[in-house]
Amino acid sequence: MRIYRIRKFPAKLSIFIILLLIIVFNSRIRTGVKNFAFEILAKPFKVASGIKTYFTRAKSLSEEILSLKQRLGALSVELARMKEVSLENERLGKLLKFKKSLRYKTIVAKVIARDTTDWRSAIIVDKGRSLGIREHMPCVTTKGLIGSVAEVGFASSKVMLITDPNSKIGVVLESSRESGVLVGSSQGACRVIYLSLDADIKKGEKVLTAGFSAFFPKGLVVGEVTEVGIETPGLYKYAIVNPVCDIGKIEEVICIEVDKDAK
Amino acid sequence: MQNNRFALYASLAMLLFMELAVFNKLRIFGVRPELLLIATVFFGFHFGAARGMEVGMISGILKDLFSMTAFGVNVFSFLLVGFLAGFLKDKLFKEDFITQFFLSCASVYFVSGIYFLYLDKIVGNNLSAVFWKQGGVKALYTGCMAPVLFFAFTKIFGSPKKQN
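These protein sequences, in sequence, are chains B and U.
Per the working numbering, the first sequence starts with residue 1, numbered consecutively.
Per the working numbering, the second sequence starts with residue 264, numbered consecutively.
Simulated from the structure, these hints should not be mistaken for lab results.
Note that beta-carbon positions come from the ideal geometry of N, C-alpha and C, so glycine has one too.
Among the clues, some could well be false.
[Unchecked claim] Below, a list of computed lysine-lysine pairs in the BS3-like style, where the Cα atoms sit at most 25 Å apart: (1) LYS59/B with LYS105/B; (2) LYS83/B with LYS97/B; (3) LYS354/U with LYS249/B; (4) LYS396/U with LYS168/B; (5) LYS83/B with LYS99/B; (6) LYS288/U with LYS396/U; (7) LYS105/B with LYS83/B; (8) LYS110/B with LYS288/U; (9) LYS352/U with LYS249/B; (10) LYS352/U with LYS288/U; (11) LYS288/U with LYS143/B; (12) LYS99/B with LYS218/B; (13) LYS396/U with LYS83/B.
[To be verified] Over 12 Å on every C-beta distance to chain U, these chain B residues come out as not near it, computed from the model: (14) LEU19; (15) THR56; (16) LEU68; (17) LEU72; (18) LEU92; (19) LYS100; (20) ARG103; (21) ARG114; (22) ILE124; (23) VAL172; (24) SER179.
Next up, chain B with everything else stripped away, as it sits in the complex (with noise of 0.2 Å):
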């Protein structure tokens, strides 16, 4: 057995040193046994190292995803706040350019509330008397007219907008000349009635205010008509018309100061 085993042992241990000559020697193979034992020995390192990377990231990362969705939020707030102020800074450089345009004392005042009840249209401004806000102030926009100042407190008063049913205002047809009185009817347009049953009125043609009254001011824009008619007795015409800026947007309002003895 052991003679067996030393006939053997040569044979055996020859090709293993044969091999690992061939190793030592071979710089190409022996790069790449190295190359082979050390992926081999790394791979648990690897997997370990991968783990507790794994979870040092992932809660580095969760933490990372937290501060950064609580900065989103903060910028989406700025963002949003800056859009706003981009956009009041836009509308109030229109209303300052329109403001100087007008040959009249004016006030600016915005919006704080609406009306609570559906069936009047009204706004409450933040400007009363202590500003020289006066009853029956006209109330306009850059885009024309919007109402009248119906009730005056110290710091704030009610406009009366051209859209409530109690308002009544002398109105002209800007190209058929046609007068008649501008109803509001509490449902966001408002009716132009006693107008002559033989007035050729247009779709599109603008209604400007009439100044027979002392309180509104000639040849302001009020709307536009989209729609004529024959009342149901056929007496007169009446027309439907659109006010010039959405009533239910509006957040900044000029007042304006008519002067009775220049009008």
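Based on these hints, arrange chain U on the given structure of chain B.
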């Protein structure tokens, strides 16, 4: 209920704010629900005419402050609604959604009718048509909101039986 007086007034102020700010943006066919009216109906219906009138008066004052209608119109109409709702306290099933819906709808028409008297009715203004159309939408909207608010109020203020 006595202890919840502060909560009651705070709720009314909150409802006014919601009507003016939140539901102003959630208009359906140009109308908003009458939240303060629902509150008046609830307190009249659950706690009797006296409480209904109290809530109606406060709601009316709050509405009148922010309204173009002559001061007192809302106070008067809301007081009446609170009083009438108090009459029905023991006559109708309070937890029924349909009762809450119809009671709120009817009160909207009642209050709208009083507003209508204060509008200038010029020939050709078509206000009566507007009244039925707009009043209908408003009544439906308010009626749909009523069960939600009734539920919330019951949770906050409880019902009279639980108090006893």
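Would you pick out the hints that fail for this structure and give their numbers low to high? 1, 3, 7, 9, 10, 13, 21, 22
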